[in-house]
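Visitor: Model the full structure from these sequences, guided by the hints.
2 protein chains.
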Amino acid sequence: MLHAAARLFAQQGYSGTGMRQLAAEAGVSLSMINYYFGSKAAVLEQLVTGLHEVYFETIRSAFESADTIEEKIRAYVRAAVEVARTRPHELRCAFTELPDEVPEIAAQKIERLRELTVLWQTHILAHRPHLADLPVPVLGPAVGQMIASHFMVRPMLQKVLGDQLVFDDAFYARYAEQIADLLLYGLLGPRPSPPVVD
Amino acid sequence: MLHAAARLFAQQGYSGTGMRQLAAEAGVSLSMINYYFGSKAAVLEQLVTGLHEVYFETIRSAFESADTIEEKIRAYVRAAVEVARTRPHELRCAFTELPDEVPEIAAQKIERLRELTVLWQTHILAHRPHLADLPVPVLGPAVGQMIASHFMVRPMLQKVLGDQLVFDDAFYARYAEQIADLLLYGLLGPRPSPPVVD
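Residue numbers (the numbering used here), protein chains in the order written: chain Y, 1 to 198; chain H, 1 to 198.
Hint data in this document are derived by calculation from the structure and do not stem from the laboratory. Some hints could be false.
No copy is singled out in the list; a pair is fine if it fits within one copy or between any two copies.
[As the list claims (entries may be wrong)] Keeping only pairs whose Cα atoms sit at most 25 Å apart, straight-line, the calculated DMTMM-like set for lysine to aspartate or glutamate is:
no., residue 1, residue 2
1, K40, E82
2, K159, E82
3, K40, E70
4, K40, E71
5, K40, E53
6, K40, E104
7, K40, D163
8, K159, E104
9, K40, D67
10, K159, E64
11, K159, D169
12, K159, E25
13, K40, E111
14, K159, E57
15, K159, E115
16, K159, E71
17, K159, E53
18, K40, D169
19, K159, E111
20, K40, E64
21, K159, E45
22, K159, E70
23, K159, D67
24, K40, D168
Guide: Here it is as structure tokens:
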């Protein structure tokens, strides 16, 4: 049911999807959805909560699994790419609802932004004093959306690149290292190691 | 009229907005909108076309205005931040409609992605051979969305940071340099100059 909802919200937007359509897509009755969820906003809330939990657990354990900033960032980007690959519809929903003011998920989004701020502050910025003037709550979302952006434009990419590019495991292993390189060393910095997978 | 449409689409989504509501918000009659635009998709198309034109002109002239990669990137980030500040509703529309399959704007999005690819290839990647294995059509959108992400989470940021942060000219001058620093030198790289504005 949540999977069907994620697909519909991703395709036609949250506000463009009706409860009746959700029920039809999930193959259940409208009264069953009403019984279990109560409202369309509650469906969106569960969806976004599920994705947030997985994503934050991913960041936290990636940051805690390594000692250096380099390894923390690489572990995080790799794990975030995996989350994005396995939950593309949920990611789209969370992405497109980000600027919206659906009141049922507003408090949750703010709470997650606070958590993200603490994670970045503790694991990355506390060790890089020269970055201290970057407002932390700005950096976390910027990096997250840099990683996510690929999954938003992927349908277009396929049309631009045709058969040049196959979005397989090897592509995503390379993609994660390249994004990590860019985050760690920038466009001008050194590229210390060759890509892990080629 | 386009301004009213941008505000409505940004607030409640493209598919959640009806033509009747567009007419009411813009203070014109439904038949007038139908006469000038023909359909809701045509309104979205004009909106997105307008933003795309400004944004691409911005990237192009920023990249052409400078000789070094450092100055090209700084000029681009500064100009993109200005576009985002002056057209927040249009930016939200383009952002949230990015993964959607509204057929009327699909061809345009693909064409713009092609242009973006050529601009990045010519001005940046051709001079940085070590970045050559990064698929160019992946880099352009990632950087664009990194800059845009701030404007998507800004309503939340205000709630998290309270009065600590004022989103004024000084903030955005600093924001542009910080994002440019991050893109040029990464999290580990040097920060060669102090922020321009403090």
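Visitor: Evaluate each hint against the coordinates.
Guide: Consistency of the hints with the structure:
1. K40 with E82: neither (28 Å within a copy, 37 Å between copies)
2. K159 with E82: within (23 Å within a copy, 30 Å between copies)
3. K40 with E70: neither (42 Å within a copy, 48 Å between copies)
4. K40 with E71: neither (40 Å within a copy, 48 Å between copies)
5. K40 with E53: within (20 Å within a copy, 37 Å between copies)
6. K40 with E104: within (10 Å within a copy, 28 Å between copies)
7. K40 with D163: neither (39 Å within a copy, 34 Å between copies)
8. K159 with E104: between (36 Å within a copy, 16 Å between copies)
9. K40 with D67: Cα proximity of K40 and D67: none, with 43 Å in one copy and 53 Å across.
10. K159 with E64: For K159 and E64, neither the intra-copy (39 Å) nor the inter-copy (28 Å) Cα distance is at most 25 Å.
11. K159 with D169: Cα proximity of K159 and D169: one copy only (20 Å, versus 39 Å across).
12. K159 with E25: Intra 28 Å, inter 36 Å, cutoff 25 Å: neither.
13. K40 with E111: Within one copy only: 21 Å inside, 36 Å across.
14. K159 with E57: Cα proximity of K159 and E57: across copies only (23 Å, versus 34 Å in one copy).
15. K159 with E115: Close across copies (14 Å), not inside one copy (37 Å); limit 25 Å.
16. K159 with E71: neither (34 Å within a copy, 32 Å between copies)
17. K159 with E53: Only across copies: K159 and E53 sit 21 Å apart there, 33 Å inside one copy, limit 25 Å.
18. K40 with D169: neither (35 Å within a copy, 40 Å between copies)
19. K159 with E111: Between copies only: 10 Å across, 38 Å inside.
20. K40 with E64: neither (36 Å within a copy, 48 Å between copies)
21. K159 with E45: between (33 Å within a copy, 20 Å between copies)
22. K159 with E70: neither (34 Å within a copy, 31 Å between copies)
23. K159 with D67: neither (41 Å within a copy, 32 Å between copies)
24. K40 with D168: neither (34 Å within a copy, 37 Å between copies)
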